[in-house]
Amino acid sequence: MAVRVQREDFDVGAEIAALTDGNAQIGGVTSFVGLVRDMADGERTSAMTLEHYPGMTEKMLAEIDAEAHDRWPLEASLIVHRYGRLEAGDRIVLVIAASPHRDAAFEACRFLIDWLKTRAPFWKLEETADGATRWVEAKDSDDDAAARWETNEGKKRAG
Amino acid sequence: MKILYFAWLRQRTGIGEEDVTPPAAVRDVASLIEWLKERGPDFAEALQDTTAIRIAVDQEFATLDTVLTGNEEVALFPPMTGG
Numbered sequence: 001m002a003v004r005v006q007r008e009d010f011d012v013g014a015e016i017a018a019l020t021d022g023n024a025q026i027g028g029v030t031s032f033v034g035l036v037r038d039m040a041d042g043e044r045t046s047a048m049t050l051e052h053y054p055g056m057t058e059k060m061l062a063e064i065d066a067e068a069h070d071r072w073p074l075e076a077s078l079i080v081h082r083y084g085r086l087e088a089g090d091r092i093v094l095v096i097a098a099s100p101h102r103d104a105a106f107e108a109c110r111f112l113i114d115w116l117k118t119r120a121p122f123w124k125l126e127e128t129a130d131g132a133t134r135w136v137e138a139k140d141s142d143d144d145a146a147a148r149w150e151t152n153e154g155k156k157r158a159g
Numbered sequence: 001m002k003i004l005y006f007a008w009l010r011q012r013t014g015i016g017e018e019d020v021t022p023p024a025a026v027r028d029v030a031s032l033i034e035w036l037k038e039r040g041p042d043f044a045e046a047l048q049d050t051t052a053i054r055i056a057v058d059q060e061f062a063t064l065d066t067v068l069t070g071n072e073e074v075a076l077f078p079p080m081t082g083g
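Sequence order for the protein chains is E and A.
Counting along the first sequence from 1, when you hit position 92 you're at 92 in this note's numbering, and nothing is skipped either side.
Counting along the second sequence from 1, when you hit position 18 you're at 18 in this note's numbering, and nothing is skipped either side.
It is possible that part of the hints are untrue.
Stated by the list, open to error - Incomplete in silico selection of chain A near chain E, CB under 10 Å:
1. F6
2. G14
3. W35
4. Q59
5. A75
6. G82
Everything labelled a hint here was simulated from the structure, so no lab data went into it.
If you're wondering where the values come from, they're calculated on a predicted model, not measured in any experiment.
We treat Cβ as the ideally placed atom computed from N, Cα and C, and that holds for glycine.
One chain only, chain E, in its complex shape (with noise of 0.2 Å):
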């Protein structure tokens, strides 16, 4: 299990590589990359600028994979998400979840995509092509999507 916050790019093949090479326990792999699109709320946009909070990102985020690791039989785990400018196209963030079955795999994957929309403090800063920027706000489908993965005990830990 790890976790990273780079301003550079990743490579996601050497990542997953990286992660399971000799790990004969793994069955399955899942991943999940996302990408800065040219398009949001109907209006265009060029670029967009991510701004985290140094030391509570990088805690929230240990938080959340251990989160994972309690709830799923993972072998192993890496999220890496990027901060500062990126352009249409670029990479932003990458979750890797990797287990002697694909349920679990897939699963934690998605818990650790959904969660850290909502609980790492990151906030996107978007550019439109004139030049004008805007922060993106909050959607309620990320509220609702890390809310389906909430126990009793999940809840205990959120505060």
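Dock chain A against the given chain E, drawing on the hints supplied.
Okay, now just chain A, sitting in the frame of chain E:
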């Protein structure tokens, strides 16, 4: 006490990070925000709607009634939009 502002809260207050010494009457997050609002129109406007603000105390999520003793790191920010 260290106060951190992120995203539009940072832009509207014009401050990313500051050290403050609140009066003794500031005992929780709610009273801290009321005190910060008295510091100028930018703060009053940015902190007007507390339902739009998320709070962390010492890098743990907190609420308006979280108790403060004076040495904490308090962060104020909008709902998160990562991923």
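Structure-based check of each hint:
1. F6: Holds, about 6 Å.
2. G14: Hint on A/G14: violated, closest Cβ of chain E at ~15 Å, above 10 Å.
3. W35: violated (22 Å)
4. Q59: With a minimum Cβ separation of about 4 Å from chain E (threshold 10 Å), the hint on A/Q59 holds.
5. A75: holds (6 Å)
6. G82: holds (3 Å)
When the structure is compared with the earlier hints, violations turn up for hints 2 and 3 and for no others.
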